[in-house]
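Following the hints, put chain V in place on chain B, whose structure we already have.
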Amino acid sequence: MFTNTIRPRPKALLRHTVAAALIAGLSTQVWASVAAEQTSKRPNIVLILADDLGFTDSAPYGSEISTPALSELADNGIKFTNYHTAANCAPTRAMLLTGVDNHRAGVSNIPEMVPPELQSHPHYQGTLGNNIVTVATLLQDAGYHTYMVGKWHLGATPDLLPSSRGFERTIAMADSGADNWEQKPYLAIYEQANWFADGERYTLPDDFYSSRFIVDKTIEFIDSNAADNAPFFAYLPFQAVHMPVQAPQEFIDRYMGVYDTGWTALREQRLKRAVALGIVPQSTATKMMNTTKDWEQLSANQKRYEAKRMAVYAAMVEAMDFHIARLVTHLKQTGQYDNTIFIFASDNGSEATGPANAQAAALRFALRQQGYSNDYDTLGLKGSFNSLSPSFASASASPLAYYKFHTGEGGMRVPLIIAGQPIAAKRQISHAFSFVTDITPTILELTGVTPPQVKHGKLRYGGREVEAMIGRSLLPLIRGDVERHYGDADEDAVGYELAGHAALFLGDYKLVLNKPPVGDNQWHLYNIAADPGETTDLSGLDAPRLQRMLNLYQQYEKRNDIQAMPAGFVGARQVAINGLRDRFGAQIIIGIITLIILTSFYAIYRQNNYE
Amino acid sequence: MKNTLGSKILRAIVCIPAIIFIVTGLQFILDPAAAVKQFGMPLLDGVGRSSQIGDMAGFFLTCGLCVLIAVSTGKRVWFYPAAMLTSITAMGRILAWLLHDAALAINLIAPEIIFTALFLFAASRLPAPAAPAAPAAPSKAANQATSDAE
Chain B
1 MFTNTIRPRP
11 KALLRHTVAA
21 ALIAGLSTQV
31 WASVAAEQTS
41 KRPNIVLILA
51 DDLGFTDSAP
61 YGSEISTPAL
71 SELADNGIKF
81 TNYHTAANCA
91 PTRAMLLTGV
101 DNHRAGVSNI
111 PEMVPPELQS
121 HPHYQGTLGN
131 NIVTVATLLQ
141 DAGYHTYMVG
151 KWHLGATPDL
161 LPSSRGFERT
171 IAMADSGADN
181 WEQKPYLAIY
191 EQANWFADGE
201 RYTLPDDFYS
211 SRFIVDKTIE
221 FIDSNAADNA
231 PFFAYLPFQA
241 VHMPVQAPQE
251 FIDRYMGVYD
261 TGWTALREQR
271 LKRAVALGIV
281 PQSTATKMMN
291 TTKDWEQLSA
301 NQKRYEAKRM
311 AVYAAMVEAM
321 DFHIARLVTH
331 LKQTGQYDNT
341 IFIFASDNGS
351 EATGPANAQA
361 AALRFALRQQ
371 GYSNDYDTLG
381 LKGSFNSLSP
391 SFASASASPL
401 AYYKFHTGEG
411 GMRVPLIIAG
421 QPIAAKRQIS
431 HAFSFVTDIT
441 PTILELTGVT
451 PPQVKHGKLR
461 YGGREVEAMI
471 GRSLLPLIRG
481 DVERHYGDAD
491 EDAVGYELAG
501 HAALFLGDYK
511 LVLNKPPVGD
521 NQWHLYNIAA
531 DPGETTDLSG
541 LDAPRLQRML
551 NLYQQYEKRN
561 DIQAMPAGFV
571 GARQVAINGL
581 RDRFGAQIII
591 GIITLIILTS
601 FYAIYRQNNY
611 E
Chain V
612 MKNTLGSKIL
622 RAIVCIPAII
632 FIVTGLQFIL
642 DPAAAVKQFG
652 MPLLDGVGRS
662 SQIGDMAGFF
672 LTCGLCVLIA
682 VSTGKRVWFY
692 PAAMLTSITA
702 MGRILAWLLH
712 DAALAINLIA
722 PEIIFTALFL
732 FAASRLPAPA
742 APAAPAAPSK
752 AANQATSDAE
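Listed in order, the protein sequences are those of chains B and V.
Each residue of the first sequence is one higher than the one before, counting from 1 in our numbering.
Each residue of the second sequence is one higher than the one before, counting from 612 in our numbering.
Derived from the structure by calculation, the hints contain no laboratory data.
There could be a bad hint or two in this list.
[Stated by the list, open to error] Each pair of labels, with its calculated beta carbon distance range: (1) B/L580 to V/A728: 47 to 53 Å; (2) V/L710 to B/T157: 53 to 59 Å; (3) B/A366 to V/S735: 47 to 53 Å; (4) B/P205 to V/I725: 52 to 58 Å; (5) V/L719 to B/L459: 21 to 27 Å; (6) V/A728 to B/I589: 31 to 37 Å; (7) V/G651 to B/A188: 22 to 28 Å; (8) V/L710 to B/G462: 51 to 57 Å; (9) B/R368 to V/L710: 42 to 48 Å.
All C-beta atoms in this analysis are idealised placements derived from N, C-alpha and C, irrespective of residue type, glycine included.
One chain only, chain B, in its complex shape (with noise of 0.2 Å):
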């Protein structure tokens, strides 16, 4: 009967509505705050890119430059000690940021570099490839706020841009260098600085320090979005120590003297600073390179000079790391600071190409056509163009052998430093060998975002098939799990190629390449675990072994269709020869038409009889 239904009166029926909403409401509430904490729980990553920062270039791998910021991370993290990257910069940052080898990202070479006979193929474009897909489109499709400030080199055109690769906010330098007081080209390559924020061109403020203006806007970039919760990635690629090396004075003063003695004695204070410091092996031997000259056959001036050169070089250094201090110091003071992971590398090893007597009439001509000078007294600021020798690049490799664009040792070890509470590291040190390849793997296990996965038989990533990734991640070996990460089986070997000069890596061993003229040309063998100076050849003492490495480096040419450099390829040449053809090609063909018009017509002058 409807007299016995119990019905709810509506002053009760209110009640239980009101009641019902409000635990569904609170449950909502719960249920966004737990996920929140979950999502506030990925960790920040601050990805740290030094620009041919050389192997003992910082205090933490042996340096007498003051790197505070550097040395706090390392003591709270770990060290590599074993680290590669590319032996130049842009195909070390198509790995770095996909994982995938260089050649399969379309970055053999710096786009500046490749020789007319392989740019249309499409493994030397100098362009980050559409096959492949960033660790900042992963992260950002997986929630991450992305910023990038800082040396990009992957493409200048909107759709290369980082702002089209993942990056949300962006202020990307596209060529190869700039200079680092304004915004001028350092090349006469480059008629301009290509600077872009979000992928417009950008014109850079008239109080302009290259790492003082990356730190200011990434934090800028941080601070726009903390108030979401969101984790971010932040990705500094800076410009130190590139050329032109330049550093505020008050840097260059505390190194004034510091370099008096000369690149050989700073050579042997840094082997035995690492030594002390279990970078390198008690017995690492060195050997001298033959770009090398003889500080004591240089005049009481030339020493001074070179001293001062080297002095800029440390100051850029320094005003690096201090500049990284403020944004550690700035995560500290928001709060940020407990759940963020560092990554600090270098693009490559020290670079050599300045002059060997940059006081030459020539060069000091040369530099004035680009607005430049290299007095002694304003070395370093601006207007001045500043760069090490190859003598002291060696210094800077310190105990390596070679220097960037070689697959020496000193081209391509280079330091690696992650650091963070969220890592949990358990040792302070690694020894393993591990690649360049390796970090976008680590970040992506650090962060627990998934890279592509197979999908109908192929590799899939937003609807379009993609590259895979070669690396591995670094975290079984920061948490102390293993050793090492890759062992001395075939599948562990690690191929590398930058225009003619090669190396594989397969466990402990070395099998190198280096072209001439620094290099000879021949095919060695080093244990670079004992021998990080690659001073003992094994080539001829372990010939199974080289057979072996030889092999599998013939693979690794064959898997990324590698190909060979035209006759007579020099690299330094070949920038030249593209930077002619692409900045002055239009003027020269004008002239050519022009002089082709204008004999045609004097033929026709000679021809009439004038009076």
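Chain V only, in chain B's frame:
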């Protein structure tokens, strides 16, 4: 007028603007982004770019080639198209300033007037090439042979 040193110098002088015009015309075809900067305009898109490159290249190449034809062949009438182009351009610039709020581009008008004057001067002063030598008078024997044949 003889082909004196003075006339040779005058030829060389008029060739200077001719070369500038030809280089500018070629620049509009081969490197328009750089060419437009000299004239205070952006590089247009679409049909605008087509007109910009085609018209400007046509103007400059015609101007320069007319002068070179005049100098090399001695046919002074070829100076007049070049003089007309530069003078009407200068006049157009002044009218654009007066009627359409354009800037008074003195730095462009002045050379155009100078070039016009130079071309007209050259047209009046440069020597014509010598007339080809008259054919030799036919001999009496030849005349007789022709008459016999007829």
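Verification of the supplied hints:
no.	hint	in the structure
1	B/L580 to V/A728: 47 to 53 Å	violated (39 Å)
2	V/L710 to B/T157: 53 to 59 Å	violated (42 Å)
3	B/A366 to V/S735: 47 to 53 Å	holds (48 Å)
4	B/P205 to V/I725: 52 to 58 Å	violated (43 Å)
5	V/L719 to B/L459: 21 to 27 Å	violated (59 Å)
6	V/A728 to B/I589: 31 to 37 Å	holds (32 Å)
7	V/G651 to B/A188: 22 to 28 Å	holds (26 Å)
8	V/L710 to B/G462: 51 to 57 Å	holds (56 Å)
9	B/R368 to V/L710: 42 to 48 Å	holds (47 Å)
Hint compliance for this structure: hints 1, 2, 4, 5 are not met, and every other hint is.
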